[in-house]
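Could you put the whole structure together from the sequences, leaning on the hints where they help?
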Amino acid sequence: MSRAFTTLAQFDGTFMMPKQGSTVSASVDSLFYFIFVICAVFFALIVGLMVWFMVVYRRTPQRMDPTSNVTHNTRLELLWSVFPSLLLVLMFVWGFRVFVDMRVPPEDAYVINVNAQQWSWAFTYPNGTETEDLTVPAGVPIKLVMQSADVLHSLYIPNFRVKQDVVPGRYTMVWFEAPEPTPENKPHRLFCTEYCGKDHSNMNRNVIVLPKEDFPEWLENADPLIGMTPEHYQEYVADPQAFITAHPEYVGLMPPAVMGERLYTKKGCVSCHTVDGKANTGPTFQGIWGRTEELADGSSVKVDENYVRESILNPGAKLVKGYGNVMTPYQGRIKDREIDMLIAYLRTLASK
Amino acid sequence: MADAVQTSGASAGHEGPHGHHDPNLAHHFDTMEQQFECGKLGMWLFLATEVLLFGGLFCWYAIWRSNHPEVFVYGAQKLDWKLGGINTIVLLVSSFTMAWAVGCAQRGNRQGLLLGLGITFLGGIGFMGIKSVEYTEKFSHGYYWGGSYNPTHHEEGHAADHADGEHAETADAAHAEAGAADSHGDGHAADSAHGEESVADSAGELAPQEVRPPAALAGLSAERLTELGYEPSKVLLAAEAPGGLAASAPPTSETKLSAEEVRNVHLFFSIYFCMTGLHGIHVLIGMAVIGWLFVRALRGDFGPGYFEPVDLGGLYWHLVDLIWIYLFPLFYLI
Amino acid sequence: MSTLNAPAAPAYATAVDTRNYLKASYGPVSWLLTLDHKRIGVMYLVGISVMFLLGGIFALLVRTTLLFANNAEAVDPLITAELYNRFFTLHGAIMVFIVIIPGIPAALGNFVLPIMLGAKDVAFPRVNLLSFYMWMLGTALALASLFFGAVDTGWTFYTPYSTSENSPSGMILVVTGAFILGFSSVFTGLNFIVTIHQLRRPGQTWFRLPLFLWAIYSTAVIQILATPVLGITLLLLIVEKTMKMGFFNPAYGGDPVLFQHFFWFYSHPAVYIMILPAMGVMSEIISVFSRKHIFGYRFIAWSSVAIALFGFIVWGHHMFTSGQSALMNTIFSALTFSVAVPSAIKVFNWLATMYKGSIALQTPMLYALWFIWIFGIGGLTGLFLGTLATDIHLHDTYFVVAHFHYVMAGTIFVLFGAIHYWWPKMFGRMYDERQGAIASILLFIGFNLTFLPQFVMGSQGMPRRYYSYDEVYQVYHVLSSVGSYVMAAGLLVMGYCLFTSLKRGAKAPDNPWGSNSLEWHTTSPPPLENFNGTPVADDPYDYHNLEWDPQIQGFRSKKPMVTSG
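Residue numbers (this note's numbering), protein chains in the order written: chain A, 1 to 352; chain B, 1 to 334; chain C, 1 to 565.
Since the hints were derived computationally from the structure, they do not count as laboratory data.
Be careful, since some hints might not be right.
A few chain C residues that face chain B, going by a derived Cβ cut-off under 7 Å, partial list only [said to hold, decoys possible]: (1) V186; (2) H197; (3) G246.
Since this is a predicted model, take the numbers as computed values, not measurements.
Even for Gly, the Cβ is constructed at its ideal location relative to N, Cα and C.
Next comes the structure, spelled out in structure tokens:
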């Protein structure tokens, strides 16, 4: 029986279910269609009887009274209580067994840390690389250890049939194994499914499955700054163009300001700080560099490296007048080098 | 809420008379017995809702006590069980006088009824008085709830820097240092540190990553952790349990805990003020009811044929008393 | 109290005032301060209808926003993400707390419950009026939030989002409003339990009660046992937000998942507060319009009680992905299936009642039949969500949205059916049968067009509460939005039909449908004290005593059920 439903579910994306992208997808879909068929049968039975009775036993002036006056039948009651109950037990047991598979990760799972915050995802790989899209090797069990910086989120990858809330103050975990690499331009989708505020629906990213053998290379090159010596780093920050000319192996490396612009989105700055001069929850970044800001306590400060750094790590220290102390401190959630990139980006945002 | 049901008891008394012989019988009832039974059943159901209202708080208490026993042991040491004990006696006595007043009402003893109600009312005043002394004392030490918790005097020797370093003046600062923020900070730092030293060669070979203990336990020595029943291997499992961490060997009231070891003490005072505060509101409502009964008794409304409001008011007062009987040991004794 | 000012009764009457309750006294004050359960019921009905329209307008705004994909990329959209989030929050909060929960019990239950018992009023008329004013106050507070920092948390108020520093200040108003609404509901339930226990006619045993009263009784038990827990949860939410208590906020060491436990401990039973009265009305309508004794009375009666009890132990199935332990998930999944059985028993018994009956397809019956369809889908799709493995995939997607709309809006369909059913009794006028039927058919088609596509897009992975979505889901969203407009059209027709009937409708006979429960044995509308005489309790589902009289266009009792004196 189980096999029959598995076959039914193995079409690449069926009417009711999306593409199967993980090792558990097929078993979830089999169960789904099993319940679907049971429900369809019961629904057809109920509605069929209802329509039949409506038509056949319709009241007419000739037929004012019912043709039967049976008021109860205990045997019938027991039959329609017990028989569906057996089906329910079957559903529960099947659902439980698949759930156990979904819940218990293999011992050797590859761990990726997930940090969720309003309204972005950050995936941190064991070598320190941090990405916005999730990239995983095919055929390897992946365990996501997740935490949230602010409110509840939920990580959902429909094609993998997995979902787990991300709860502030505790770790939650989800695992999956994607057997097939995703084709170019057809990644899996990843959604936030626990309502988390204004841009809840923007918290969606892609999941890219790479062939197992391509993954280590991707990981090594995903963040070129990883493994860079401090001397090289200094050179790079001082003059990226000259640095790349001098070191051809870093040819793909982007200038700090460009990386800063990406961090502006990735770290969630974008949700409160505009770059077009409009005030939002926080002050605009347009023309911020070198600007003299009036603070809430009446003093003023010139925006420079130290002020930006302090305001990222401890936003409440020097609040700009007219804005509330609502930003979550980034202490411990941002690297020094990332602050460098953001500063480089802010320098480019001259006022118009 | 309580007023409402009291009013209902009264509604029995004041519904327009439609030629019935007893002016206390409402038009939609057939007999006084029926009316009395209705009032009684209604009151019991209302008391059930009150119990469930407090039930939510007791439930919260039970869950947190089982997850963080050290918080409660530490917090209880800051409460004065003698004042709580006196208050318990005051309430028990007032409950007795209330029962006596009901008996007097049934027998038509107006003097006794007034005396009973009067003493009960004074008991309520006494209870609230002592409670306010207790609250004032707590506030003077900075033992507020949640984000406002800001203790200024500590019995422990190393209290000074604790107060300076950890519990700064403002709620914002408290926010910044409190559990979650730390946990993320630490967690992230740990991830990066771990990551930086081992670059992946092949995906399959990577070992599962260790998870750091929740920040709530940071600052405790390893020995102390074991003493408190904390096992690092259980962390991930425990993180799934309500409360987020495990402490399988609960400390007893004998355990001496220092302020550094016990994080989130403010939660003890949150639940303490919520439960005793809500109870206090109920005492005030009960006193209002008794005052109203007293006025009606003065008017001579009650007698052997009609004492329903006194009976129902008494039931309410006993419930208020009963809830305190549970609150006292839960906060002061164990 | 309204009767005190009334002129002296006519000479032929005894002490009882025979004028109907609508005409016993006049003026707004005679309504606003009335202690008559019938008038309070009518006031509830008016209030709930107005709020239903408001909630419906928010729903239409939500659906209109979702006609387009990728809203987040739109330049200067008419409805921004903030607005959208407020719309769905208000739609949910209004429909759940203000409309559906009090809908059938407070409006219609209030009207018919004492009459069905042969009583003159509910046990505590003043508490009844107080409940109504608490409902008004709670509603007013919830609406006031619109002007003081509209709430965008969703009706579930999940922490820490709802209590964080930047959550809107309107939270306090809405939550206080919900708290007051909760206690309005508690007092209504308390009143009903006492009334059913104490004010039955002699001879009216428990198993001679109309099944509607069994359902209302079971509902009242849930209201009394579950709502106080919601009350304390909401209180904690308020102190958490205003005083930073830290109970549910991890920033202070609290636990947000615990809030979900507290919240669902009420809010799952609340689903049964919503659906049980509807099931009770179903048993009345199906039996009356089949002109056949209800099948399996005791099974239906006890299944109401069973649903009420099982309803308390399944709340955890809202939290399969919340981070609660696998063991808890398993236990809650197993328990969840237990609720399916009594629900199924009811549906089968209704079908068996129709079997070989004499089925009149009048408007109330149409709504009842739609309910079998709608609740059939709503109940059966619940099985996907009770099963662990499939719920993980479907949780918080549009599949869930569609599922609970099929259940809760099923209640709304029965509410409509019940309004049509008791309309002649309440206002003494018949509505236009053809208009009523057209409205019900439009609503049925619109409803299915709205929500069936949501099952498909949900299982395809469309998350709920999304302002902006991927293009692949657009076709389903467009279908759904079109369906919502059809429903709006149906509502307009229904409103027109009922309003015009008040002026132009034919005078209603005492018993237009041929029911044997007591409310149909008094005049339409009933007199102030419900009966001009003493009603006699009988089996409410025995129709042998009733025969059709074409002259009055209604049914007539062969032997009188109300004795004079």
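Legend entry - Earlier hints that do not hold, by number: Going through the list in order, the structure violates no hint and respects every one.
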